[in-house]
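Use the sequences and the hints to build the structure in full.
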Amino acid sequence: QKEVEQNSGPLSVPEGAIASLNCTYSDRVSQSFFWYRQYSGKSPELIMSIYSNGDKEDGRFTAQLNKASQYVSLLIRDSQPSDSATYLCAVNIQYNFNKFYFGSGTKLNVKP
Amino acid sequence: DTGVSQDPRHKITKRGQNVTFRCDPISEHNRLYWYRQTLGQGPEFLTYFQNEAQLEKSRLLSDRFSAERPKGSFSTLEIQRTEQGDSAMYLCASSPAPPRETQYFGPGTRLLVL
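As they're listed, the protein sequences go chains A and B. Those letters in the first sequence? Residues 5 to 116, by the numbering used here. Those letters in the second sequence? Residues 93 to 206, by the numbering used here.
Treat the hints as calculated values from the structure; they're not laboratory data. What you are looking at is a predicted structure, and each value in this text was computed from that prediction instead of being measured. Please note: incorrect hints may appear among the correct ones.
[Unchecked claim] Derived CB-CB ranges, DEER-like:
| # | chain 1 | residue 1 | chain 2 | residue 2 | range |
| --- | --- | --- | --- | --- | --- |
| 1 | B | 95 | A | 60 | 43 to 51 angstroms |
| 2 | A | 74 | B | 108 | 39 to 47 angstroms |
| 3 | A | 62 | B | 155 | 40 to 48 angstroms |
| 4 | B | 188 | A | 62 | 17 to 25 angstroms |
| 5 | B | 148 | A | 74 | 18 to 26 angstroms |
| 6 | A | 13 | B | 162 | 23 to 31 angstroms |
| 7 | A | 60 | B | 136 | 23 to 31 angstroms |
| 8 | A | 16 | B | 172 | 38 to 46 angstroms |
| 9 | A | 56 | B | 108 | 30 to 38 angstroms |
| 10 | A | 116 | B | 142 | 41 to 49 angstroms |
The beta-carbon is built from N, C-alpha and C at its ideal position, and this holds for glycine as well.
Quick look at the structure:
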C-alpha cells in the first residue's frame with residue numbers, strides 16, 4: 005500500500021463549480037498535510053497546509069482534515085480555467101527523518 | 093527572498109556520462125530535500141539534509157547517485173554513469189525547522205539521457 009493515495013482523475017468540472025479533491029494516507033502518525041498545485045512541466049507550488057482536524061480556508065480554497073479516517077480533502081470554490089492542473093497531496097512524518105510522502109496527484113480540468 | 097533555485101534547468105546527456113545538478117535553498121532554511129519525478133507520478137523522495145548532515149537516503153538512490161551539502165548551504169546531486177531510466181525531473185525543496193516545516197520547491201532540473 006502506498007503511503008498516500010489519490011484518484012488520478014481527470015476530474016472535470018465546469019467553470020464556477022466546486023471542485024473536490026480527495027487524499028487518503030496510511031501512516032497514523034502523520035502530522036502535517038499539504039496540498040500542492042503543479043502545472044504541466046512546472047514544479048509543485050504550495051497551496052495550503054493543515055495540521056489539525058477540521059477545516060482551513062484560504063480564499064477560494066478549503067482544506068479538510070480527518071485524522072481518524074486518515075483523510076484529507078481540498079475544495080476549490082468558483083473554479084476557474086486557470087485552476088486546471090495536477091493537485092498533489094503530501095504528508096509529513098517527523099519521526100521518520102521528517103520525510104514527506106506525495107501522492108501521484110489528481111488532474112483537474114476546469115471547462116469554460 | 094529569491095526562493096529555491098536550481099541549475100541547470102535542462103540537461104541532455106548520453107548514457108554513461110556523469111551529470112551534476114545544483115540547488116540553492118531559501119537562505120534561512122536549514123533543511124534540504126531532493127526528489128525525482130517521472131511523468132504521471134508524484135515526487136519520490138531521494139535524500140534529505142539537515143544543515144550539512146545527510147540524514148536519510150532512499151533505497152531509490154543507487155550507488156551511482158551521490159549528494160552533498162557542504163557548509164549547509166547549496167547542495168549538489170551527482171549521477172554517475174547515467175542510464176536511460178534516470179531520465180526524469182529532479183526537484184529540490186527546502187524548509188525551515190519545525191513547526192513551520194512546509195517545503196518550497198525549486199523549478200527543477202529536467203534530465204534526458206539518450
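Status of each hint after checking the structure:
no.: 1; hint: 95/B - 60/A: 43 to 51 angstroms; result: 24 angstroms, violated
no.: 2; hint: 74/A - 108/B: 39 to 47 angstroms; result: 44 angstroms, holds
no.: 3; hint: 62/A - 155/B: 40 to 48 angstroms; result: 43 angstroms, holds
no.: 4; hint: 188/B - 62/A: 17 to 25 angstroms; result: 19 angstroms, holds
no.: 5; hint: 148/B - 74/A: 18 to 26 angstroms; result: 23 angstroms, holds
no.: 6; hint: 13/A - 162/B: 23 to 31 angstroms; result: 42 angstroms, violated
no.: 7; hint: 60/A - 136/B: 23 to 31 angstroms; result: 27 angstroms, holds
no.: 8; hint: 16/A - 172/B: 38 to 46 angstroms; result: 44 angstroms, holds
no.: 9; hint: 56/A - 108/B: 30 to 38 angstroms; result: 50 angstroms, violated
no.: 10; hint: 116/A - 142/B: 41 to 49 angstroms; result: 46 angstroms, holds
The structure does not agree with the numbered hints 1, 6, 9 stated previously, though it agrees with the rest.
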